[in-house]
Amino acid sequence: MTVVGMTGDEAVAYAVKQSKVDIVAAYPITPQTIMVERFSKYVADGEVQTEYVCVESEHSAMSACVGASLTGARVFTATSSQGLALMHEMLYIASGLRCPIVMGVANRALSAPINIHGDHSDMMGSRDSGWIQIYAENGQEAYDWTVMAFKIAEDLKVQLPVSVNLDGFIITHCVEGVDTLEDAAVNQFLQTRKPLFMLDPDKPITLGALCFTDYYFEFKRQQVEAMQNVGEVLDKACKEYKGVANRNYSVLETFGMEDAEAAIICLGSTAGTAREVARKLRAEGKKVGVVKLWLYRPFPTEEINATFRHVKALAVFDRAISFGAPYGALCSDVVSALHTLAEKPKIFNVIFGLGGRDIKPSDIEAVFNEALETARTGVVKEETMFVGVRE
Amino acid sequence: MTSEEKKQGWKSLPIGAAVLEPGSSLKYKTGDWRAFKPVVDKEKCINCFFCWIYCPDAALVRKEEGIEINYDYCKGCGICAKECPKEAIKMVEAQK
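In the order they appear, the protein sequences are chains A and B.
Under the numbering used here, the first residue of the first sequence carries the number 1, and numbering increases by one thereafter.
Under the numbering used here, the first residue of the second sequence carries the number 1001, and numbering increases by one thereafter.
Careful: at least some of the hints might be erroneous.
With beta-carbon atoms standing in for the labels, derived distance ranges [claimed, not checked]:
| id | chain 1 | residue 1 | chain 2 | residue 2 | range |
| --- | --- | --- | --- | --- | --- |
| 1 | B | K1006 | A | E225 | 19 to 25 Å |
| 2 | B | V1061 | A | D45 | 35 to 41 Å |
| 3 | B | P1022 | A | D128 | 30 to 36 Å |
| 4 | B | V1061 | A | K41 | 56 to 62 Å |
Hint data in this document are derived by calculation from the structure and do not stem from the laboratory.
By construction, the Cβ of each residue, glycine as well, lies at the ideal position given by its N, Cα and C atoms.
Full structure from sequences and hints, please.
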């Protein structure tokens, strides 16, 4: 293992290089650009055997990836924001045709007004597209999850595309020490993809045929089943990866949850700040905890229920708005997951960080104090708090 | 697929709607989509085969003795009737 200073984008590109990807078709977009730039350099320098397909748009990028994946190839692409939005149609085709494509997503706000900075509006807008969604907290996690993503995606029980999400700029452009594996270790962990069937002129099959009222529903039901299999496959991949990298991964990571009365749940880089604040508050004797959700789709309902069962108050952090909905996407999911429990926390939603607006330790401390107050009184003062916005 | 065929459930169907057997579209008789059926009046037909040229589904078959319609695949679009210069093809509401 070697610790290398690299940005989150570079960490993803390096993981893809080591994962021996057959095809990459991608279109550059800020703040994902470095992922494809670095990777195209590996191709140009002959460091990889990958076929790099230059395309004219993200719609074409995903289309090329779908075609490549159906031939049995290992495929990677990357995008962000407007690029992901342009891909939207093809996202459903990738999941519907069961293409285990891995995609790096540098999370960025959607226009209008135009903005290039980090929030989760892009991927949350695609949350029903049938893609597995993983959120990384830092460059190290982006590297590790990218390697693991191929294993999870290509498992025959799953065969679904995976997005590895990194907060735009905060992770994509921040240089950190990333503990990389030796090529041999990655090759051992990730063997050559073995597809169930693939396009082969000697054994002709049809993919992408028309399905009407009489068959369409059955194939959607199969996708549900594949999503349900993700938990088990991911668990196995994480255990195996621990053997290789000696780092622990799962569907979520907890801090201080053994005795927490008030907790925060969030995705991505915010977890690091939240943990730091929680550490300080716990030193002051306040029983607070943090849950970082690594796996957002499929939503790990069981683990969420087990984690929050005895918590009195819970603040759910959403870095995206679902306009007109009762809550942000993550909060809606958390509320849905917990609704079957007899004893459950009082929940409120925190909308924050849109368009890359900073979330400061003082903001998070204020939310913790609000959650502690809710835990004490049992009353939610505000269903949705907008943190960091000017009145 | 035709209605008499037993349809598989999601557990046994190949994943991702893959069709593993080549040429299986022949089994998909699209004729039952038809609401109107083309009928050729052999008296009026001059064997120009415009209908055969225009049929988008290759459901008109050119035979030595004249045109023949393959009702297994004719969806009843009516293009043949529209293009026939002798109005020898009529679209009639009929049983499939």
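**OP:** Just tell me: holds or violated, for the beta carbon distance of V1061/B and K41/A against 56 to 62 Å?
**Re:** With a Cβ separation near 58 Å, V1061/B and K41/A satisfy 56 to 62 Å, so the hint holds.
Original post:
Is 30 to 36 Å right for how far apart the beta carbons of P1022/B and D128/A are?
Top reply: The hinted range 30 to 36 Å holds for P1022/B and D128/A, with Cβ atoms some 34 Å apart.
Subject >> 35 to 41 Å as the expected CB spacing between D45/A and V1061/B, which holds or is violated >> reply: At roughly 59 Å between Cβ atoms, D45/A and V1061/B fall outside 35 to 41 Å, so the hint is violated.
Subject >> Distance restraint hint 19 to 25 Å, applied to the beta-carbon atoms of K1006/B and E225/A >> reply: holds, 21 Å
Violation of the numbered hints given earlier is confined to hint 2; every other hint is satisfied by the structure.
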